[in-house]
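Trainee: Okay, here's what each chain looks like letter by letter:
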Amino acid sequence: MSFFALILLFIILGLLLGYAAIRFKVEGDPIVDKIDSVLPQTQCGQCNFPGCRPYAQAIADGEAEINQCPPGGEAGIAALADLLGVDVIPLNAENGEEKAKLVAFIDEETCIGCKLCIQACPVDAILGSPKHMHTVITAECTGCELCLPPCPVECITMEPVETTLATWQWDKPTPSQEKAKS
Amino acid sequence: MKLWHFNGGLPALAEHKNESVHLAIEKAPVPEQLIYPLQQHIGAPASVLVNVGDKVLRGQKIADAQGLVSAPIHAGSSGTISHIGEQLIPHPSGLSAPCITITTDGLDEQLKPTPCADYKQLSAVELVQMIRNAGIVGLGGAAFPTAIKLDQQGKTKPIQTLILNGAECEPYISCDDRLLKERADKVILGIEILLHLLACEQAILAVEDNSPDTFRAIQTAIKANANPVISVVKVPTIYPTGGEKQLIKTLTGKEVTSGKIPADIGIVSLNVGTVYAIQQAVIEGKPLTSRIVTVTGEGVKKPHNLEVRVGTPIHALIDVCHGYTKHAKRLIMGGPMMGYAVSSDEIPLVKASNCILVASKDEVVTEKQAMPCIRCGECASVCPVSLLPQQLYWNSRSDQIEKAAKLNLMDCIECGCCDVVCPSHIPLVQHFRHAKSALKADQHQKQLSDIARERFEAREQRIAREKAERAEKSRKKKAALKERAAKKEKEAAEKLFKEEQATTNDES
Amino acid sequence: MQFLTSSSPFIAPTNSVQRLMLWVLIALVPGCITMIWQFGYGVLFNIIICVSTAICAEALMLKLRKRAIQPAIADLSAIVTALLLALALPTLAPWWIPFVGTLIAIIIAKHLYGGLGYNPFNPAMVAFAILMVSFPKSMTVWMLPSSLLANDVSLSDMATLVFQQQTDLPYIDSITAATPLDDMKTRLGLSQTTDEIRSASIFSSFAGQGWQWVSVAYLLGGCLLIAKKIISWHIPVGLLSGLFFASLIAYLFEPSISPSPIFHLFSGGAMLGAFFIATDPVTAATTLKGRILYGVLIGLLTYVIRTWGGYPEGIAFAVLLVNMTVPMIDQYTQPRVYGHK
Numbered sequence: 001m002s003f004f005a006l007i008l009l010f011i012i013l014g015l016l017l018g019y020a021a022i023r024f025k026v027e028g029d030p031i032v033d034k035i036d037s038v039l040p041q042t043q044c045g046q047c048n049f050p051g052c053r054p055y056a057q058a059i060a061d062g063e064a065e066i067n068q069c070p071p072g073g074e075a076g077i078a079a080l081a082d083l084l085g086v087d088v089i090p091l092n093a094e095n096g097e098e099k100a101k102l103v104a105f106i107d108e109e110t111c112i113g114c115k116l117c118i119q120a121c122p123v124d125a126i127l128g129s130p131k132h133m134h135t136v137i138t139a140e141c142t143g144c145e146l147c148l149p150p151c152p153v154e155c156i157t158m159e160p161v162e163t164t165l166a167t168w169q170w171d172k173p174t175p176s177q178e179k180a181k182s
Numbered sequence: 001m002k003l004w005h006f007n008g009g010l011p012a013l014a015e016h017k018n019e020s021v022h023l024a025i026e027k028a029p030v031p032e033q034l035i036y037p038l039q040q041h042i043g044a045p046a047s048v049l050v051n052v053g054d055k056v057l058r059g060q061k062i063a064d065a066q067g068l069v070s071a072p073i074h075a076g077s078s079g080t081i082s083h084i085g086e087q088l089i090p091h092p093s094g095l096s097a098p099c100i101t102i103t104t105d106g107l108d109e110q111l112k113p114t115p116c117a118d119y120k121q122l123s124a125v126e127l128v129q130m131i132r133n134a135g136i137v138g139l140g141g142a143a144f145p146t147a148i149k150l151d152q153q154g155k156t157k158p159i160q161t162l163i164l165n166g167a168e169c170e171p172y173i174s175c176d177d178r179l180l181k182e183r184a185d186k187v188i189l190g191i192e193i194l195l196h197l198l199a200c201e202q203a204i205l206a207v208e209d210n211s212p213d214t215f216r217a218i219q220t221a222i223k224a225n226a227n228p229v230i231s232v233v234k235v236p237t238i239y240p241t242g243g244e245k246q247l248i249k250t251l252t253g254k255e256v257t258s259g260k261i262p263a264d265i266g267i268v269s270l271n272v273g274t275v276y277a278i279q280q281a282v283i284e285g286k287p288l289t290s291r292i293v294t295v296t297g298e299g300v301k302k303p304h305n306l307e308v309r310v311g312t313p314i315h316a317l318i319d320v321c322h323g324y325t326k327h328a329k330r331l332i333m334g335g336p337m338m339g340y341a342v343s344s345d346e347i348p349l350v351k352a353s354n355c356i357l358v359a360s361k362d363e364v365v366t367e368k369q370a371m372p373c374i375r376c377g378e379c380a381s382v383c384p385v386s387l388l389p390q391q392l393y394w395n396s397r398s399d400q401i402e403k404a405a406k407l408n409l410m411d412c413i414e415c416g417c418c419d420v421v422c423p424s425h426i427p428l429v430q431h432f433r434h435a436k437s438a439l440k441a442d443q444h445q446k447q448l449s450d451i452a453r454e455r456f457e458a459r460e461q462r463i464a465r466e467k468a469e470r471a472e473k474s475r476k477k478k479a480a481l482k483e484r485a486a487k488k489e490k491e492a493a494e495k496l497f498k499e500e501q502a503t504t505n506d507e508s
Numbered sequence: 001m002q003f004l005t006s007s008s009p010f011i012a013p014t015n016s017v018q019r020l021m022l023w024v025l026i027a028l029v030p031g032c033i034t035m036i037w038q039f040g041y042g043v044l045f046n047i048i049i050c051v052s053t054a055i056c057a058e059a060l061m062l063k064l065r066k067r068a069i070q071p072a073i074a075d076l077s078a079i080v081t082a083l084l085l086a087l088a089l090p091t092l093a094p095w096w097i098p099f100v101g102t103l104i105a106i107i108i109a110k111h112l113y114g115g116l117g118y119n120p121f122n123p124a125m126v127a128f129a130i131l132m133v134s135f136p137k138s139m140t141v142w143m144l145p146s147s148l149l150a151n152d153v154s155l156s157d158m159a160t161l162v163f164q165q166q167t168d169l170p171y172i173d174s175i176t177a178a179t180p181l182d183d184m185k186t187r188l189g190l191s192q193t194t195d196e197i198r199s200a201s202i203f204s205s206f207a208g209q210g211w212q213w214v215s216v217a218y219l220l221g222g223c224l225l226i227a228k229k230i231i232s233w234h235i236p237v238g239l240l241s242g243l244f245f246a247s248l249i250a251y252l253f254e255p256s257i258s259p260s261p262i263f264h265l266f267s268g269g270a271m272l273g274a275f276f277i278a279t280d281p282v283t284a285a286t287t288l289k290g291r292i293l294y295g296v297l298i299g300l301l302t303y304v305i306r307t308w309g310g311y312p313e314g315i316a317f318a319v320l321l322v323n324m325t326v327p328m329i330d331q332y333t334q335p336r337v338y339g340h341k
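Residue numbers (our numbering), protein chains in the order written: chain A, 1 to 182; chain B, 1 to 508; chain C, 1 to 341.
Isolated chain A (complex conformation):
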C-alpha cells in the first residue's frame, strides 16, 4: 500500500518539475554574457577560439574547459569557477603562460607601411595607412601579439608597460615567515 503511495507521489512530483521546467524556462543564454564579461577581451586566440566571445559560448555549451585563457590567468580561472560553481583547475600550459601586461611597439626605422599588422589587430589599435608610417596606440593595445606574425620585416616588439605614479601598486607581503627588509 505504501509502495503505491510513494510511486504516486513520485509521479506527481515529476510532473510538477516537468511543468516548471517548461513554464519557467529562461529564454536566451545570459550566462554567455556573464562569462564574456569575466574574460580579459584580449581577442588573442590563445584559447584556440577566434576571440573571447566564441570561447565564452564554448564554455557555456560545455565544449571548453575554463582554464584555456593565459591573459586571464589564475585570477580569471578563479572568477570563472566562482561564476559557474565549478572547481578551480590550473591554467592549461599548452596555450601559453600568464605574463605581465605587454604592449606592442613598432620600430619606425624598419616599418615599411605594408598594412598587414593593421588588418591583423582585433581591436584596431594600430594607426596607419598604406605606404605611410604605422604606429600602435598604446592605450588600446591588449597585448594579444596577433600583429607579430604578419609583419614581413619583424619590426614589432612587445614591451612591458611602464609603471608610473598613477599605476604603481603596493607589493603584497610574502606569506607566513615573512620578514621586512632591515
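Don't read these hints as lab results, they were simulated from the structure.
Treat the hints with caution; some may be incorrect.
Result set (BS3-like, lysine-lysine): computed pairs, CA atoms no more than 27 Å apart in a straight line [to be verified]:
#  : chain 1 : residue 1 : chain 2 : residue 2
1  : B       : 181       : B       : 223
2  : C       : 341       : B       : 406
3  : A       : 115       : B       : 473
4  : B       : 186       : B       : 234
5  : C       : 341       : B       : 403
6  : B       : 488       : B       : 478
7  : B       : 473       : A       : 101
8  : C       : 228       : C       : 289
9  : C       : 341       : B       : 440
10 : A       : 101       : B       : 476
11 : B       : 254       : A       : 34
12 : C       : 341       : B       : 254
13 : B       : 446       : A       : 101
14 : A       : 99        : B       : 488
15 : C       : 341       : B       : 260
Here are the simulated distance ranges between beta carbons [said to hold, decoys possible]:
#  : chain 1 : residue 1 : chain 2 : residue 2 : range
16 : B       : 113       : A       : 110       : 56 to 62 Å
17 : A       : 114       : B       : 440       : 36 to 42 Å
18 : A       : 174       : B       : 120       : 26 to 32 Å
Some chain B residues judged to face chain A by a derived CB distance under 8 Å, without partners named [to be verified]:
#  : residue
19 : 90
20 : 91
21 : 430
22 : 433
23 : 437
24 : 441
25 : 453
26 : 459
27 : 467
All residues carry an ideal CB built from backbone N, CA and C; glycine is no exception.
Since chain A is already given, all that's left is putting chains B and C on it; use the hints.
Mentor: Chains B and C in isolation, oriented as in the chain A frame:
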C-alpha cells in the same frame, strides 16, 4: 562640552612627544636648492609657468593649478630656475616625477605681499579664490586643495560647525602643538576668516588632553579675541583621534557616511596649520611657501621644530639638527604609524610634510616574523572604523579582492592600530594597501577590457559591413554585366534580323 | 645618505602569541596544583605524558610539513593544548590514554587541518571526544578526592596503576569513584531526589568534594586572564550565564529533580571550559557579539547534554558542536561599520 567615543583606538600608544614638544619653532636657513614636485596635492598636477633660467622671487607663482581639483605652487625663496624635469619625490614607491628646481641666490627677496585691509568686505567667492591662488592645501597630511573644501557654491547643506584639528595624535610629531603654543592668536584670526567665509554657527578647536600648556595658550588667545562662537575642547589622547572622521564623531557624535564628505553633514574640518596659512594668505597677503616641521628621532643629534621653506631637501634640515647620529636606521616622512620610509635624504619637503623621523633601531621595528593568524580578534576591537581586519586579511591574502571590497575594505583609513596589536605580527596594513591598489587596478583593467570589447565588436561590424557592401557591389556589377550582355545579344539579334530582312527584301 | 626602507607602521608590537600562551599557562597553575593536591599523582602523570608527547608530536609534524621548527615550537600553543587535555582526562587513566589523546589532538585535530590558526575544532576537545567514544571504560576511572581517601596513594603505587594498568590491585575499589556529576545523573535516573543524592559523601557544601575547589581555582585563574586582557569576558560570561540560567529555570520549577545552578557551575569542566577551553581563539567566534552567542550556545548545550544526553559531562561535545556553527555566527554578528547604516 559633551564628547562621544569612537570604537577602538589605542589609548596606551607611547607618544614620544617629550623629545620635541618643548622646542620652540626656529626658522630654518634657506637651502641652496629648492625642489618642487608638480604633484604635491590631491588632484591634477600643477602646470609649469616658468622656464629654465628665469629669475624668481619668494612668493612668485611658478606653477599654476590645472583644472578645478588642483593647486598652484609658489617659490620659497629668490633665485634662478635651474632645472625642470624628473627628480626623486617623497613617495613610498621611490619613483621620480616632474619637478621644478630653484637654485637660491641667498638674497631671499620676496614678491610684495598683497595684504587685505578688511576681509569682511570680501564675498565668500572672492575669499575662496584668494585661498586657491595662495596654493593652500590641507597641511595635516592629506594635501587636499583647501579652496575646494571651502567652496560652498551649489551645495545644498549649509555648514553649521567648523572643526579645527589640533589633535596631533601620531607619536613624535609636535609641529601643530608648537604652532598653537606660539602663534595661537594668528590661528584664531584664521578661524574668524573661515567663520565669515562659511557663515557657520560655531568653531571648535580640538587638542589632545596630554598638553595642558597648549590648552591654556589657546584659551588665552580666545579670551583676547572675545568671539563667543570659537571654543577650545580637550579630547582624550587616543590614537587616532586626529583622524578627520574619528574627530568628527568625538566632537559631534555624527558619522560621515561612507563615500561622502563631512560637508554633507554640515561640517568642515581643517588642520590648524592650514588655518594659519589661510591667515597668512588673506590678512598678510603671503602665499603658502613655508610650513612648520618636526625633525626628531634618535637618528639626529639635536631634534628641532623648524619653520622651513617648502621644497627644502631633507639633508638641509638634518644639517640644522647637527647631523645624523650613528644610530640612524630609517628615514621616515611622517610619524611612525602612518608615515613612509624614504631611501634618500636628497628628497625635498612638500606642503604636506609634517615630520621627519630619523629612527634608530630601538625606536622602530625593522623586522617582523609573521605567524599564522590565531583569530584572537584584537585587531577588530581596536579598529576605529569597526571593520573586521582578520576577515579583510584572509580575503586579501587569498586574493579574493571582491570579497574584501564587500567587507568595506575601501573604508580602511590605514591607521595601523590593528597592525600594532596583532600577536602574530602580521603586516596587516601592508596587506590592505596592496589589496586596495589591486582593487583599483582590477577596476581599471575591467574598464580597459570593456573598451577593448567595444572596439573588437565595432571592428567585426565594420568588417561585416564592408563585406556586405562588397558583396552588394559585386552582385550589382554582375547584374549590370548580365544586363549588358543580354542587351548586346538582343541588339546583335535585332541587327541580324534586320540584315536578314534586308537580304530577303533584296532577293525578292 | 641612503637608507633602507620598510613598511609602516614602524612601532614594535607589544603582544605575541607566546605571551598570550604563557599567561594561559600561568593562569592554569592554581588549577593544576589544586587538582594534584585533591586527586593525587595521577594528574601529574597525565600532565607529564601529555606535555612531552605534545612537544615531540609538534616537532615531528612541523618537520613533515617542511615548516621551520622555530618560532613555531616556541609559541607554546601545543603545550597549552596538552595541559588542557591532561586536566580534562580521568585522574586514574592508564598511560596510553593521555598519550593517544595528545597524538590525536596535535597531529589530527591541529596539523592535519593546517596547523596553528587553521583548525576549526578545538584540538583538546576533539581528542577528549574521540577517547570518550572509543574507550568508555578507561575514560571513567576517576579517583576519590583526597579528603575521602583512607590512606594516601604513594607515587610508586600511582606509577604502577598508570603504567601497568593493574586494575586488579586490592585497593582499587577503595580509591575510585564516579565523579559527582556522573553520580548525580545516575541516581536521578534511579528516581532519587536531589536532597537524597546530595547527602552522599562525595558531595560537599556547594558542589562535589574536591571538585568544587578545583573549579574555584580555575575561576581565579580565569579572572586573572580577563584582568590581564588575555581573553575578553564575553565567552566566559556567555557560557556561565547560559549554563546558569538553563539550570536555574529547571531548578525553580522542580528542585527535587534538578541540581542547583551553583552545582552545575562548579562541577565537571564548566569553569575549565568557560575560561580556558571555549576561549581558544582559533576555534571560537571572532566578533564580540558573536562571542557572547557562542558562549551561551555552549552553556545551553552543556546543560542539555548533562541532563538528557548519554554522557555525564557535556562541555567537550558542546564545544565541538558549537565550533561547527562559528563561521555562521561570525557572518551574522558583524559590527556596524563607521559611516554605514
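Trainee: If a hint holds in the structure, say so; if it doesn't, say that too.
Mentor: Hints and how they fare:
| no. | hint | verdict |
| --- | --- | --- |
| 1 | 181/B to 223/B | 15 Å, holds |
| 2 | 341/C to 406/B | 14 Å, holds |
| 3 | 115/A to 473/B | 24 Å, holds |
| 4 | 186/B to 234/B | 20 Å, holds |
| 5 | 341/C to 403/B | 19 Å, holds |
| 6 | 488/B to 478/B | 15 Å, holds |
| 7 | 473/B to 101/A | 42 Å, violated |
| 8 | 228/C to 289/C | 21 Å, holds |
| 9 | 341/C to 440/B | 25 Å, holds |
| 10 | 101/A to 476/B | 47 Å, violated |
| 11 | 254/B to 34/A | 41 Å, violated |
| 12 | 341/C to 254/B | 12 Å, holds |
| 13 | 446/B to 101/A | 14 Å, holds |
| 14 | 99/A to 488/B | 65 Å, violated |
| 15 | 341/C to 260/B | 13 Å, holds |
| 16 | 113/B to 110/A: 56 to 62 Å | 59 Å, holds |
| 17 | 114/A to 440/B: 36 to 42 Å | 40 Å, holds |
| 18 | 174/A to 120/B: 26 to 32 Å | 59 Å, violated |
| 19 | 90 | 12 Å, violated |
| 20 | 91 | 7 Å, holds |
| 21 | 430 | 5 Å, holds |
| 22 | 433 | 4 Å, holds |
| 23 | 437 | 4 Å, holds |
| 24 | 441 | 6 Å, holds |
| 25 | 453 | 4 Å, holds |
| 26 | 459 | 5 Å, holds |
| 27 | 467 | 13 Å, violated |
Of the numbered hints stated above, those contradicted by the structure are hints 7, 10, 11, 14, 18, 19 and 27, listed in ascending order.
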